[in-house]
Amino acid sequence: MSTPPMAFGHVPGDDKVHQATLTVLTGPYFQCGVHFSALCRGRVVRVPSGSLVRVVGTELVIPCNVSDYDGPPEQNFDWSFSSSGSGFVELASTWEAGFPAQPYRERLQRGDILLRRTANDAVELHIRNVQPSDQGHYKCSTPSTDATVQGNYEDTVQVKVLRATVARNVSVAEGKELGLSCNITTDRTDDVRPEVTWYFSRTPDSTLPGSLVLARLDRDSLVHSSPHVALSHVDARSYHLLVRDVSKENSGYYFCHVALWAPGHNRSWHKVAEARSAPASVDVTWLEPDYQVYLNASKVPEFSDDLTELECRIVDVKGSEASVRFTVSWYYRLSRRSDDLVASELLAVMNGDWTLRYGDRSRQRAQDGDFIFSKERADTFSFRIQRTTEEDRGNYYCVVSAWTKQRNDSWVKSKDVFSKPVNIFWASEDSVLVVKARQPKPFFAAGNTFEMTCKVSSKNIKSPRYSVLITAEKPVGDLSSPNETKYIISLDQDSVVKLENWTDASRVDGVVLEKVQEDEFRYRMYQTQVSDAGLYRCVVTAWSPVRGSLWREAATSLSNPIEIDFQTAGPVFNASVHSDTPSVIRGELIKLFCIIAVEGGALDPDDMAFDVTWFAVHSFGLDKAPALLSSLDRKGIVTTAERDWKSELSLERVGVLEFLLQVHSSEDQDFGNYYCSVTPWVKSPTGSWQKEAEIYSKPIFVTVKMDVLNAFKYPLLIGVGLSTVIGLLSCLIGYCSSHWCCKKEVQETRRERRRLMSMEMD
Numbered sequence: 001m002s003t004p005p006m007a008f009g010h011v012p013g014d015d016k017v018h019q020a021t022l023t024v025l026t027g028p029y030f031q032c033g034v035h036f037s038a039l040c041r042g043r044v045v046r047v048p049s050g051s052l053v054r055v056v057g058t059e060l061v062i063p064c065n066v067s068d069y070d071g072p073p074e075q076n077f078d079w080s081f082s083s084s085g086s087g088f089v090e091l092a093s094t095w096e097a098g099f100p101a102q103p104y105r106e107r108l109q110r111g112d113i114l115l116r117r118t119a120n121d122a123v124e125l126h127i128r129n130v131q132p133s134d135q136g137h138y139k140c141s142t143p144s145t146d147a148t149v150q151g152n153y154e155d156t157v158q159v160k161v162l163r164a165t166v167a168r169n170v171s172v173a174e175g176k177e178l179g180l181s182c183n184i185t186t187d188r189t190d191d192v193r194p195e196v197t198w199y200f201s202r203t204p205d206s207t208l209p210g211s212l213v214l215a216r217l218d219r220d221s222l223v224h225s226s227p228h229v230a231l232s233h234v235d236a237r238s239y240h241l242l243v244r245d246v247s248k249e250n251s252g253y254y255f256c257h258v259a260l261w262a263p264g265h266n267r268s269w270h271k272v273a274e275a276r277s278a279p280a281s282v283d284v285t286w287l288e289p290d291y292q293v294y295l296n297a298s299k300v301p302e303f304s305d306d307l308t309e310l311e312c313r314i315v316d317v318k319g320s321e322a323s324v325r326f327t328v329s330w331y332y333r334l335s336r337r338s339d340d341l342v343a344s345e346l347l348a349v350m351n352g353d354w355t356l357r358y359g360d361r362s363r364q365r366a367q368d369g370d371f372i373f374s375k376e377r378a379d380t381f382s383f384r385i386q387r388t389t390e391e392d393r394g395n396y397y398c399v400v401s402a403w404t405k406q407r408n409d410s411w412v413k414s415k416d417v418f419s420k421p422v423n424i425f426w427a428s429e430d431s432v433l434v435v436k437a438r439q440p441k442p443f444f445a446a447g448n449t450f451e452m453t454c455k456v457s458s459k460n461i462k463s464p465r466y467s468v469l470i471t472a473e474k475p476v477g478d479l480s481s482p483n484e485t486k487y488i489i490s491l492d493q494d495s496v497v498k499l500e501n502w503t504d505a506s507r508v509d510g511v512v513l514e515k516v517q518e519d520e521f522r523y524r525m526y527q528t529q530v531s532d533a534g535l536y537r538c539v540v541t542a543w544s545p546v547r548g549s550l551w552r553e554a555a556t557s558l559s560n561p562i563e564i565d566f567q568t569a570g571p572v573f574n575a576s577v578h579s580d581t582p583s584v585i586r587g588e589l590i591k592l593f594c595i596i597a598v599e600g601g602a603l604d605p606d607d608m609a610f611d612v613t614w615f616a617v618h619s620f621g622l623d624k625a626p627a628l629l630s631s632l633d634r635k636g637i638v639t640t641a642e643r644d645w646k647s648e649l650s651l652e653r654v655g656v657l658e659f660l661l662q663v664h665s666s667e668d669q670d671f672g673n674y675y676c677s678v679t680p681w682v683k684s685p686t687g688s689w690q691k692e693a694e695i696y697s698k699p700i701f702v703t704v705k706m707d708v709l710n711a712f713k714y715p716l717l718i719g720v721g722l723s724t725v726i727g728l729l730s731c732l733i734g735y736c737s738s739h740w741c742c743k744k745e746v747q748e749t750r751r752e753r754r755r756l757m758s759m760e761m762d
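Under this note's numbering, the first residue of the sequence shown carries the number 1, and numbering increases by one thereafter.
Please keep in mind that the hints were generated in silico from the structure rather than gathered at the bench.
Heads up, the beta-carbon is just placed ideally off N, CA and C, and yes, glycines get one too.
Hints are supplied without guarantee of correctness; some may be wrong.
Pair by pair, the computed Cβ-Cβ distance ranges are [said to hold, decoys possible]:
(1) Pro561 to Ala505: 37 to 47 Å
(2) Gln364 to Asp430: 24 to 34 Å
(3) Asp633 to Val720: 46 to 56 Å
Straight line, CA to CA, 27 Å or less: simulated BS3-like cross-link-like pairs of lysine-lysine [stated by the list, open to error]:
(4) Lys413 to Lys318
(5) Lys176 to Lys413
(6) Lys474 to Lys441
(7) Lys441 to Lys375
(8) Lys271 to Lys160
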């Protein structure tokens, strides 16, 4: 009996097949020994050949397959692990739940280790987030389902974990040398060559393309670096980076990148693994000078507008070199009696080139010359406030910065020293401003002159000047503007008068505000109207001179109110609209009467006058905005608004209390709701005219209809005319045609008769 040859499968991409030869007695007629293993047929288990190199934190995948086996198509697999190559520990199994050892059961439950079947005869072992402890030998085994035990039932592969590390935090003094080591944790027993590259980045999360390459060692052990940077190979697992004469620009993050290259066919090389170290933070410390800073107030204000002068001095300077210069920054912080923290405000800051930059608080006052920052001596800086105000009271401190000159002639700040704060404060009482209003004539009638004086008194205000504003508050019962305060007239601290919201064109000169004394002002209103009723006050503001023509607001106060109240009983006016033609045919005249009724006391017609205005809402309801039609003032002047259609308007007074609005040649657009507004004027006993409240009538609806007979009259006449012309024209054409045709027939008949007559004669 011949022995069948043993077939061995080959995993794609593998360069070597691991196999084990067993000597097994199967009977008197079959024996397969070591020397005849190539002729034997049996099971073959395969894993990738050679060693697998993986990077820390990545996923490890190891495939395993079996071939040339007997038994069921689906085969089971067992995986074991050994860190040294001996003493394997059960790792995972496809058929036995209790197979793995206790340390690996938790990782299997979390899914960090899992088996994934890719075929009946193949499986993959997955290990997520590979760690250095996962480096070792992995063995794949298949339980026997063959009739005879032959071939190999297990195969082993070695996994090497690649990891690159550098020091995490390094501090080095300026001008010294920086040394960093890139340590590789991997076994280099295989024929692989490392490629090491050092990078520099300003941020710890920079990617490789955005980082600066410092030095590189290629796989041929050639070093590529610069004169200030050196890269050396210390031992098989350490690569040293040296940076000479470090400066502040060398502060940042350093990391190394390692790639392992293995030889391939035809003297080619391929990358088998690569790893990147965590960034190492490098801080370059300065050779800082040692000095102290003191702040003192050479001049302290005793009251507002006094001079304030502060001096910031540098003392006890040690270790200062020619490459160091000093600048100053000034800060202000509001004083608080409580423990609440108050943010400091920057007044001015000096850069390394001694240029001065102002803060928001001091920019304008520095431009005006009120804040002055200067350098008195090499070790003294001063700050002066020409006119100190209450807002300037608080704490002041200075910060002196040391700047060091770099190799590229730039200046970099190396140290800040703070002074103790100095409190600028002076004892002063709060400003007091009191205003009292008085009415010399407490009773007057409408049309008389209203007069009010305001007396001002102040305390703790230096050289005050006053500005005055007269306000009027309408009574609460005035529904048109409830509780509305109006500004009437004002006078500023330079005695300039200005009309505020006084818009009565007929009384433009009806109000006067004047300065009687330095602390007394008088307001007059001539020919008062009933509509002037209300509460009148003086709003006084005290101003202190700052410098030149500038003023500072010191205090503001409001006087007591003076009331204007007309208690006389007058007539009551009502308005209504009447029309005898609320419905007209287009083209007809629309007549609308605005009738005024007077209730109460009887008035002479010469003592009454009215402003009458007509409005129309061109809709069936009152949902649209009213349109102004025409108005007639109390002096008889008529004003008519322009419209887009042809109908014309006229407005006239037809009686003492009646006003007629006429719409001539009405059109379809003239339909809608019409109403009138009336503003009565009544002559007072003093002879002045008093303006009463405006009243409105209820609307009346006017319709414009179309005349059917007139609408079809012109089309009928045109049709009859055209028909008559066409008929006459037809008759004329017929007559001419018949005339010419008959004449031709008669001539021909006469010719025939001549012929007959000639024949008879013959």
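Verification of the hints:
no.	hint	verdict
1	Pro561 to Ala505: 37 to 47 Å	violated (27 Å)
2	Gln364 to Asp430: 24 to 34 Å	holds (26 Å)
3	Asp633 to Val720: 46 to 56 Å	holds (54 Å)
4	Lys413 to Lys318	holds (17 Å)
5	Lys176 to Lys413	holds (19 Å)
6	Lys474 to Lys441	holds (21 Å)
7	Lys441 to Lys375	violated (66 Å)
8	Lys271 to Lys160	holds (15 Å)
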